[in-house]
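Novice: Chains as they are written, first to last, in this note's numbering: chain A, 1 to 446; chain B, 1 to 531.
By construction, these hints were calculated from the structure, which means they are not laboratory data. Treat the hints with caution; some may be incorrect.
What the hints assert, rightly or not - Straight-line Cα separation of at most 30 Å, DSS-like style, residue types lysine-lysine; simulated pairs:
(1) LYS128/A / LYS197/A
(2) LYS471/B / LYS100/A
(3) LYS149/B / LYS406/A
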Amino acid sequence: MEEHIVIIGNGISGVTAARHIRKLSDKRITIISSETDYFFSRTALMYVYMGHMKFEHTQPYENWFWKKNRIELKKAFVERIEPDKNLLHFAEGGSLQYDKLILATGSKPNKFGWPGQDLDGVMGMYSKQNLDALEKYAPDNKTCKRAVIVGGGLIGIEMAEMLRSRDIPVTFLVREDSFWNGVLPNEESQMINEHIKEHHIDLRLGVNLQEIKDNGKGRVKSIIIKETGEELACDVVGLTAGVSPNIDFIKTSGIETGRGIKVDRFLNTNYDNVFAIGDCAEQHEAIGNRRPIEAVWYTGRMMGETLARTICGTPTAYQPGHWFNSAKFLDIEYQTYGWVWAEPKEDEARFFWKHPKKHLLVHLNFDKASREFIGINTFGIRMRHEMFDKWLTEKQSVDYVLTHLKDANFDPEFYKQHEAAILEKFNQEQGTQLKAAQKSWKRIFA
Amino acid sequence: MKFIKYFGLLVFLCGLGIFTSLIFLGDFQLKKEALDTIIEERAFKSELLKKQLHSKIADQKFGSVFEFSNTVIAALESANNIHKERQEWDKVVWDKPHTFSYNLAKKAGIGFVKDNKVILWWLTFGLGILGALLFILPNYILLGKPGIKNDHIYHQASTNRGWIAWLVLAYLVTFYLLLYFNPDYVVNWTYILDPISNALNGGDASQWFVYGFLYCVIMIVMATRMYIKYRHNQYQILRTTSVLFFQIVFAFLIPEIMSSLNMPGYDFKNAFPLDYDFFFEWNIDKLKSSGAIGIFILVWGTILTLVIVPLMVYFFGKRWYCSWVCGCGGLAETLGDPYRQHSNKSLLAWRVERWLIHSVLVFSIVMTIVTLYCYFTGASSFIGIKSQWIKDTYSFLIGAWFAGVIGTGFYPIFGNRVWCRFGCPLAAYLGLVQRFKSRFRITTNGGQCISCGNCSTYCEQGIDVRAYAQKGENIVRASCVGCGVCSAVCPRGVLKLENGPEEGRINPTEVLLGNDVDLIEMANQNSKHAS
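Pulled out of the complex, with its shape left as it was, chain A reads as follows (with noise of 0.2 Å):
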């Protein structure tokens, strides 16, 4: 008889780890969600919301794909874990005995015990339930003459974009001055500051949630900003101020639980046959620059990854390679590979670049002795994710990197390319004579 995996959550952790174990061994495999019968892209649901796609479009595999990978899907419930016993009990009722337990439960929205929160209208924007709940609340500009999303983060921003679609009008509560600024550095917020006004979002920045209230009728009617006392009427409020795991179900399990589930690098938690990955993992250490707990689509994936190793008797520590992310902010795309952080440490020295009119925008980081290259973000102008990672791991300088900057371009073909600009200011600013080389598809692939 195989043994018995058994996954909670079947968001892009758990569906990872499942399709993996599935290539590398026979073991029995089911996995459990009580949000959707089929694993979906939790990133698309705001073009659903916008109209692009439907929500089947946001499901990368068919249907039939579950079955004829012997995968086994249970919509339900876990109500608690017994370790002890290996065994889940559903709010359904009923129970599942496993052998092996892969917690990929996700996050939830944080809420910060703002008097009104639970009200009907207050929703955040991460479950297939929240974007039902924003379609039933704010499907027009009639229904919904005005929302308030308070939290200037990622999901923050797609919110408004979201709102803005149905023409509805949105006021963008931010507790930090500048978007986004404790990632990004000033002129990269700034420049998405301008970018959101242009969209026509009320933008309101270093302020705070004090209370939502009540209509009268167990529906949000308005909320007041903690600064000014102001009051503004709205019918829908998007709680976007982050998000955290989801794992109050787990907490009186003996399951180590802290903000997350504790993990050491084989992704393993104080029992031996349970596993805990993805946004809800943390652990115990921080690897490298990075946070204990990584809430990010690619992190979910790459420890899926590595624990369908371990489970398939392959022991294999959780060692991520350089750090990137991406996202889009309304018009903007954002790439970012290796560190660039909000402010630069001590020995570390920032190119920036900046085009004239567009929003377009490269800032690097680099080590201001050794000028060993760190990390680019990239605004408007997209990169090849390989040549950076090459490039970090041979740990090259900023001046190389820079005069082989259109090795990494990656924007569609007859786009203007500004590594000539580019390389020119840093000529300017660093008093050196470099010159950018020609791409070339030899140093791309080798």
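Use these hints to put chain B onto chain A, whose structure you have.
Specialist: Just chain B now, with coordinates in the frame of chain A:
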């Protein structure tokens, strides 16, 4: 702005309404002298037919083209039937009845439509173009900042298979059915283009001139829509300009001017086997009897298919043809762009696609072999296949139904590349080259994919682009026409169409870039051993 937009829509619908109603207008009366001229030109052997036409048609006034057509066809059929009964096969006129009737109707129009050609051009084409532009141009402001603007595509009846889409389908299908099978019914459309046709080639407009002209007009108008929608994307702008240029100059103007110079009209970019009748006897004979230019066309057409097309596909992928040059592609990328999301992405559709398109390729090749064999030997059939039968069958099934009625008529429901994906034999041929011997690929950018599905949704060829992108694999598919929209709609900069070294073009990946370097290497080694 919105007011201008909807006013434009109204103007467009007026133009379309008048254009459509033209079918029902005007009187038809074929003068005896005109009839005699036709009879003389065609040199009918059937006295019966001549008599019938003289008694039933000559100088008679008909209130509509339908009445006229019915009478002509009745005359033709009664004469033919008698000859067939008497087994006088040489006296039977084998024309398609509606084509026969069209040729008479073209000379028979009198009254309102014929007398008001220019005014009616402005009330149909003029209003249509003006209205469509008024509908499209405000998007420059309404769509906001340059960028991907796909908002509400799945909320609107026109682009989400709603009632408008079905209505458009019905209209387009009817249009093609009339054009291919009942040209006599739309003879009024040819009158209003006579002045333009005369200016270009010295002759009156045929239904094919109407189609060619309409095709160009629609592409120009819908290309302005593309220019606005994708104004941030240089690839889309150049590509749109290219298909527009090849349609207007190569497919329309050059052939018209050639015929005005008494040369065979030829579209120099229309490659066999898309140009399926290139090797038909009548075409070869026509070209051989046209002097040096005819011989040049024969040689060019052959080299185009055997050398130029595959060589270009090797360097640039089949996109150089399908989405930069081809007329079918040109219409699909302009008129069809609002419907690109409707191509079916299922594995089943992919299977059907491969069977169907390669069958059509085989069909076209078998047909051509039979035709050429019969041409050179004088036989009427080869390996048991009658030359005439296979040509007629192909022309009817593939040439008219698949490429026209289904290929374009079904845009609003099944997407804009139904013909290119499932039916075009040239696309099948180019696809084989692209899949097995080409430098073209869509590169996937390492591990950046978030599986959102925009690429797959907007792939007009029904490729599940995401299936590759989320595995970090490049996309190398026979059917990809390189329209570049997957790359455009990707929110994370994951996809890039490019021509590069063949080595490493196809790159099966197990573990994606970004994870542990050793793990990536180990996993990819394993998969290589396994495969």
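Novice: Next, verify each hint and record whether it holds.
Specialist: Against the structure, the hints come out as follows:
no.	hint	verdict
1	LYS128/A / LYS197/A	holds (28 Å)
2	LYS471/B / LYS100/A	holds (26 Å)
3	LYS149/B / LYS406/A	holds (29 Å)
Taken one by one, the earlier hints all hold for this structure without exception.
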